[in-house]
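Line order of the protein sequences matches chains A and B. Take the first sequence: its letter number 206 is residue 206 in our numbering, and every next letter is one higher. Take the second sequence: its letter number 13 is residue 13 in our numbering, and every next letter is one higher.
Since the hints were made in silico from the structure, they are not lab data. In this text, all values refer to a predicted model and were calculated from it rather than measured experimentally. For glycine and all other residues, C-beta sits at the position ideal for the given N, C-alpha and C. Please note: incorrect hints may appear among the correct ones.
Just so you have them, the derived chain B footprint on chain A, three or more residues with Cβ under 8 Å [what the hints assert, rightly or not]:
{"#": "1", "segment": "14–20"}
{"#": "2", "segment": "57–64"}
Computed list of chain B residues with no C-beta within reach of chain A, every gap over 10 Å [what the hints assert, rightly or not]:
{"#": "3", "residue": "LYS12"}
{"#": "4", "residue": "ALA63"}
{"#": "5", "residue": "ILE70"}
{"#": "6", "residue": "SER74"}
{"#": "7", "residue": "VAL76"}
{"#": "8", "residue": "LEU77"}
{"#": "9", "residue": "VAL84"}
{"#": "10", "residue": "HIS101"}
{"#": "11", "residue": "GLN136"}
What follows is a set of in silico ranges between Cβ atoms, one per label pair, in the way DEER data are often shown [said to hold, decoys possible]:
{"#": "12", "chain 1": "B", "residue 1": "ASP102", "chain 2": "A", "residue 2": "VAL454", "range": "52 to 60 Å"}
{"#": "13", "chain 1": "A", "residue 1": "ASP205", "chain 2": "B", "residue 2": "GLY32", "range": "37 to 45 Å"}
{"#": "14", "chain 1": "B", "residue 1": "GLY55", "chain 2": "A", "residue 2": "ARG103", "range": "18 to 26 Å"}
{"#": "15", "chain 1": "A", "residue 1": "PRO29", "chain 2": "B", "residue 2": "HIS108", "range": "16 to 24 Å"}
{"#": "16", "chain 1": "A", "residue 1": "TRP431", "chain 2": "B", "residue 2": "LEU88", "range": "51 to 59 Å"}
{"#": "17", "chain 1": "A", "residue 1": "PRO453", "chain 2": "B", "residue 2": "ASP102", "range": "55 to 63 Å"}
{"#": "18", "chain 1": "B", "residue 1": "GLY55", "chain 2": "A", "residue 2": "PRO29", "range": "47 to 55 Å"}
{"#": "19", "chain 1": "B", "residue 1": "GLY135", "chain 2": "A", "residue 2": "LEU35", "range": "42 to 50 Å"}
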Amino acid sequence: MIAAQLPALQVVMPLLAAPLCVVIRRTAPAWSLALVVTWACLAVSIALLIQVLDGGTISYEIGGWAAPWGIEYRVDLASAFVLVIVSAIGSVVMPFARVSVVREVAPDRIYLFYTMYLLCLTGLLGIAITGDAFNLFVFLEISSLSSYVLISLGRDRRALTAAYRYLIMGTIGATFYIIGVGMMYMMTGTLNIADLATLIPAVADTRTIQVALAFLTVGVSLKLALFPLHLWLPNAYAFAPSVVTAFLAATATKVAVYVLVRIYFTVFGAVQLLETMPVRGVLLGLALVGMFAASAVAIFQNDVKRMLAYSSVAQVGYMVLGISFATVTGLTGGLVHLFNHALMKCALFMAMGCIVLRIGSVHIRDLDGLGKRMPLTMAAFVVGGLSLIGLPLTVGFVSKWYLVQAALEQDWWPVALLVMLSSLLAVAYVWRIVEAAYFRPVPAGAPAVQEAPVSMLLPMWLLAGACVYFGIDATRTLEVATNAALFLLEGVR
Amino acid sequence: MKRKAVLRVNAKLLIPLILLFALYVQFHGDFGPGGGFQAGVIFGSGFILYAIIFGVEVARRVAPAWLVRIGLASGVLLYAGVGVVGMLLGSNYLDYSVLAHDPVHGQHLGILLIEFGVGLTVACSMITIFFIFAGQRPGGEGR
């Protein structure tokens, strides 16, 4: 009986735990509850992935109302894959959070942190699992509103402006999305994604649907921080508490990429959107420009969190690049990069959290000689950084390999070349940190610094280890990503 | 504004009616226009009016922070909890039909409880938002 209820449980568990944290209010029990619930979420998502791999797509009718009318939860390979990514990051961050949050969030607001964290998780999991375009909007708002609060919890007063800016941009994005959904509803009379997919081809040539597509693309691109629409992201990531940055950087933009994939390959799957409309060129161009521009800006950042934030914008470029190929190899590269980038960025931002805990700053001048003072933290940072560059034996290499292959398959060799060139920019900004941490002496008179506590090192090294493990043996992740890509492209062909 | 007799008397007359009307909108929601959100806003505005006329401190005594916070949380818990009860009774999440012997009664009961949860949370949110803004002093952070 429980197996049949898993899709609902996936979302309901964190949703119930969030208000409970408000009632509990004390820090330690709230943390314990959040810990148990996030790991239970991970178990549910893995169970769902196994169910989908064995028996195909799962459909769950909320409230017992049949699909095109009622709200349907629909778990296919692509959504199960994203569910696992989100809940895995959500659960690994939790043990890390206990100490880090005490350092970076005001004591009387810590219970709010756990509440908002669980709500954000609810929203992100909901986006991935729902099969209803309007319900997706509701979950998008749940995750967005809670992430604005999470960002504003940062002790730096500038966190408030950063959160406010994100609120404005995020609201515009969500509004555009809902305008797009409204236009599709106007033409088809349905909100169910699977139903939309069957009804859209008949009306695809109308201007309404084309305008809807434009609104959807721009709205979702705002949420996923595609290059010219990324301006909210660097400050939001830089001033948010480190735990929040680690969680959001690894999940929020990934889920938005998933929404884009859903729209292009499921809702508009039968229209062969990327071939018949000029969407592909726009995506490809913006992805490439983003890869270079954001990486170039990252090189000149002195706040390391900001630097990593700009690098996130560049990495989103790789994912969108994968989508714009619209081939199995390309989409596989894009999807597997969702997972890979989540691992490395979460590990990197966790390293930032450890440094903030011990040093109190992540400015590059404060990192001098840190390789000797916090060897384990900096080593994890290096592993994450190498992944970011795409060195062989790390996960970053796997994704880039697939993207280059996809480009060569279509004889787009300049694109392949650009993917490799952009990695050089990543070398530049990662090297700046490595140079400071390992090749500069510890400043004279610097206070003695302890290594971060085990509760923070363990999750960080779990992710750093995963960066290497899935870089050496990528069969499992690639299998899921390839099958998900095949499944998504079935709609196209 | 405590000294303005007209305001005070009128507020005393109006507030019970506002609260009563909120309850009407709440529980009449499944037969006519209304529902949890509207009722919550009306109910909350009754409190806010009281706080404006008689002072935030006095209103705080009627609705202390811990009570409002618990109300805030329990509304959501009620909503999500009704869904879970549906699951425990062997149906899908938020299926009200299994809540009573007769599916029609079940649907009635379900929507009534859910809307009450919405109303509770919305009313408490309105009160919280007002108190937070009203408690702010110029140049400093209010609690």
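How the hints compare with the structure:
Coverage of the segment 14–20 of chain A by chain B holds in this model, with 5 residues showing a Cβ closer than 8 Å to a Cβ of that chain against a need of three. Under the rule that three or more residues need a Cβ within less than 8 Å of chain B, the assignment of the segment 57–64 of chain A holds, with 5 such residues. With a cut of 10 Å on Cβ distances, B:LYS12 stays outside the contact zone with chain A, its closest approach being about 33 Å. For B:ALA63, the requirement that its beta carbon stay farther than 10 Å from each beta carbon of chain A is met, with the minimum near 16 Å.
With a closest Cβ-Cβ approach of about 6 Å to chain A, B:ILE70 is found to fall inside the 10 Å limit, against its non-interface label. The claim that B:SER74 is not at the interface with chain A is violated, since a C-beta of that chain comes within 10 Å of its own (minimum 7 Å). A Cβ of chain A approaches the Cβ of B:VAL76 within 10 Å, the least distance being about 4 Å, so the stated non-interface status is violated. With a least CB separation of 5 Å from chain A, B:LEU77 falls inside the 10 Å interface cut-off, contrary to its annotation.
Consistency note on B:VAL84: stated as away from chain A, yet its beta-carbon is not over 10 Å from all of that chain's, at 7 Å minimum. The beta carbon of B:HIS101 sits about 17 Å from the closest Cβ of chain A, which is more than 10 Å, so the claim that it is off the interface holds. Its beta-carbon lying about 14 Å from the closest one in chain A, B:GLN136 satisfies the requirement of being farther than 10 Å from that chain. Between B:ASP102 and A:VAL454, the C-beta spacing of about 57 Å keeps the proposed range 52 to 60 Å intact.
Checked against the hint of 37 to 45 Å, the C-beta distance between A:ASP205 and B:GLY32 comes to roughly 43 Å, which is consistent with it. A hinted range of 18 to 26 Å is violated for the C-beta pair B:GLY55 and A:ARG103, which are about 39 Å apart. Checked against the hint of 16 to 24 Å, the C-beta distance between A:PRO29 and B:HIS108 comes to roughly 37 Å, which is inconsistent with it. In this structure the hint that A:TRP431 and B:LEU88 lie 51 to 59 Å apart at CB holds, the actual value being about 57 Å.
Between A:PRO453 and B:ASP102 the beta carbons are some 58 Å apart, a value that agrees with the proposed interval 55 to 63 Å. In this structure the supplied range 47 to 55 Å is violated for B:GLY55 paired with A:PRO29, their Cβ-Cβ distance being about 35 Å. Separated by about 33 Å at the C-beta atoms, B:GLY135 and A:LEU35 break the suggested range of 42 to 50 Å.
Taken one by one, the earlier hints fail for this structure at numbers 5, 6, 7, 8, 9, 14, 15, 18, 19, listed in ascending order.
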